[in-house]
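Q: Residues per chain are reported as follows:
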Amino acid sequence: MTDKITLKDLHKSFGSKIILDGINLAIPKGQSTVIIGGSGTGKSVLLKSILGLIDPDQGQILIDGVDKNKLDRADFLAQFGMLFQGAALFDSLSIWENVAFRLRQGKTKLSKSDARDIAIEKLKRVGLRSEVADLFPAELSGGMQKRVGLARAIAAEPEVIFFDEPTTGLDPIMSGVINELIREIVVELGATAVTITHDMSSVRVIADKVVMLHNGHIQWAGKVEDIDNSGDAHLDQFIRGDANGPIESVR
Amino acid sequence: MVIFTNFLTNIGEVTLGFFAMIGRIAIFAGLAIKHIVTPPFYGREFSRSLWHIGFLSLPVVGLTAIFTGGALVLQIFLGSSDLNAQSVTPFIAALAIVRELGPVLGGLMVAGRVSSSVAAEIATMRVTEQIDALLTLSTNPMKYLVAPRVLAATLVMPLLVLINDILGILGGYLVGTSRLGFSGHAYIKATVDNLEFWDVGSGLIKAAVFGFILALMGCYHGYNSGRGAQGVGRATTNAVVSASVLILAANYILTELFFSS
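In order, the protein sequence lines correspond to chains V and Y.
Under the working numbering, the first sequence has 196 at position 196, and the numbering climbs by one with no breaks.
Under the working numbering, the second sequence has 139 at position 139, and the numbering climbs by one with no breaks.
Hints should not be assumed to be uniformly reliable.
To be verified - Capping the alpha-carbon separation at 27 angstroms, the derived lysine-lysine pairs in DSSO-like fashion look like this: (1) Lys-124(V) with Lys-70(V); (2) Lys-109(V) with Lys-34(Y); (3) Lys-8(V) with Lys-109(V); (4) Lys-29(V) with Lys-17(V); (5) Lys-209(V) with Lys-223(V); (6) Lys-68(V) with Lys-107(V); (7) Lys-29(V) with Lys-223(V); (8) Lys-223(V) with Lys-17(V); (9) Lys-70(V) with Lys-109(V); (10) Lys-34(Y) with Lys-107(V); (11) Lys-70(V) with Lys-189(Y); (12) Lys-68(V) with Lys-189(Y).
Stated by the list, open to error - Here are the computed distance ranges between Cβ atoms for each label pair: (13) Arg-129(V) with Leu-248(Y): 50 to 60 angstroms; (14) Lys-8(V) with Ala-20(Y): 28 to 38 angstroms; (15) Phe-19(Y) with Asp-67(V): 35 to 45 angstroms.
Keep in mind that the hints were calculated from the coordinates and are not lab data.
No residue lacks a Cβ here, since even glycine has one placed at the ideal position from N, Cα and C.
Isolated chain V (complex conformation):
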């Protein structure tokens, strides 16, 4: 199996605080990789470094074996879709305009009516009715905003989709719905998915591969079937949610 994204010796610090301390990671093509770890372990920094929203201090990021810095920025970004933690919908745009935002940019810009049709189709795909299309983000609940964010992430059918804590702030039922949607969509599109989460129920639904970050390193990586028998004390503590264990509760 080929790797879609390869990280080699990735380092990132903010001031004296080391966030990523030599990360080496291969993200397989067409699979769903979930990155777990406590708050402040660098999960979001890792995703943002791959996307170029944060510049790593050192290391290499390869996309399909090619150094990211050698790729055209627009072509590179065209491969990615991202669902942000708070959905990050644009307040001044209607729901359909949010979903169709990428479709209305660049060389392959679609007409307004075509973009709207696709946006409504994607909204339906995430379980939202077409009447939602003309509302504004502030008129939707948190769960609905997450679905719209998901629709926006998949609107251009990207090869890679990033999900940043997709179930944070949602009730258990809505979390389950979002997890199922993510799994279905990833399988349906054949996309490479990378999700960061604290939510172990999400991990079990979404993941093919699990990676645990701790203290700027990869603490454990393996198949989702193996997480309960990993033999790693850090991972066991994280799964159980114990206050006592090798992961300090006061950070």
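With chain V's structure known, arrange chain Y on it following the hints.
A: Same frame as chain V, but now just chain Y:
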């Protein structure tokens, strides 16, 4: 000795920080201009900004102008009475309005309204990751957020100040004719006959510069805001304060340039 060294270190840090900030603002301004003149252009964002910065600022600018014009005429009339030169009141008031008070007060009032709201909007977008989302959607935030706002403010401010000038003179006219005994015809004649095109034109050029400054400061502080509600609040305050100070400083420099000879 240590105290003296620390004192010098602190002065050095503050000085370096100040010049570094000027450098960052200059680079930001350069990028804003570059994105104003290079495609793609976001017409909808531009027209939204025109509406927000221009049309919605009309009430605050208009009311300020009317009351300032009225008060100014009263003061000039009282001052000129001592010299028995009340007849110059309409002209002096108009000159002060079109050259100085119109652009400066208009600029400060719009800075209070627009710099703050632009800073708060963009800072909130920063905090809620909307700016990151723009980047991942292959859209340059400088082009999408900053360029339309700066261009709109630069173009619409002269228009606002022109309206400000007219309403300021109207405020003076109302006070002059109703309270100070000027005849309507004499007041208008004294104003129009003595004003030159450059008096008004210089004010409009100032207005364009102030528009650029107030939008740029709103965008700069919003774009570089810190995290959380405190970050948004600080960005808003810094935007208004820096825009106001820069408008006053620019006004002095432009006045020197236009009129010192």
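Q: Now look at each hint and say whether the structure bears it out.
A: Structure-based check of all given hints:
For the proposed pair Lys-124(V) and Lys-70(V), the alpha carbon gap of about 37 angstroms is over 27 angstroms, so the pair is violated. The suggested pairing of Lys-109(V) with Lys-34(Y) holds, with an alpha-carbon distance near 23 angstroms, which does not exceed 27 angstroms. Between Lys-8(V) and Lys-109(V) the alpha-carbon distance is near 35 angstroms, which puts this suggested pair outside the 27 angstroms criterion. With a C-alpha separation of about 32 angstroms, the suggested pair Lys-29(V) and Lys-17(V) falls outside the 27 angstroms cut-off, and the hint is violated.
Between Lys-209(V) and Lys-223(V), the direct Cα distance comes to roughly 4 angstroms. Compliance with the 27 angstroms bound is thereby established for this hinted pair. Only pairs whose Cα atoms come within 27 angstroms are accepted, and Lys-68(V) paired with Lys-107(V) is accepted, the gap being roughly 21 angstroms. Taken as a hint, the Lys-29(V) and Lys-223(V) pair is honoured in the structure, with Cα atoms around 15 angstroms apart against an allowance of 27 angstroms. Restraint check for Lys-223(V) and Lys-17(V): the C-alpha separation of about 30 angstroms exceeds 27 angstroms, so the hint is violated.
Restraint check for Lys-70(V) and Lys-109(V): the C-alpha separation of about 25 angstroms stays at or below 27 angstroms, so the hint holds. Distance hint between Lys-34(Y) and Lys-107(V) is fulfilled; the C-alpha atoms sit about 21 angstroms from each other, no more than 27 angstroms. As the CA atoms of Lys-70(V) and Lys-189(Y) are separated by approximately 70 angstroms, the hinted pair breaks the 27 angstroms bound. Of the pairs offered as hints, the one joining Lys-68(V) and Lys-189(Y) is violated, with about 70 angstroms between alpha carbons and a cut-off of 27 angstroms exceeded.
The given range of 50 to 60 angstroms is respected by Arg-129(V) and Leu-248(Y), whose C-beta atoms sit roughly 54 angstroms from each other. Here the CB-CB span from Lys-8(V) to Ala-20(Y) is close to 33 angstroms, well matched to the stated 28 to 38 angstroms. The hinted window of 35 to 45 angstroms between Phe-19(Y) and Asp-67(V) holds, with their beta carbons roughly 36 angstroms apart.
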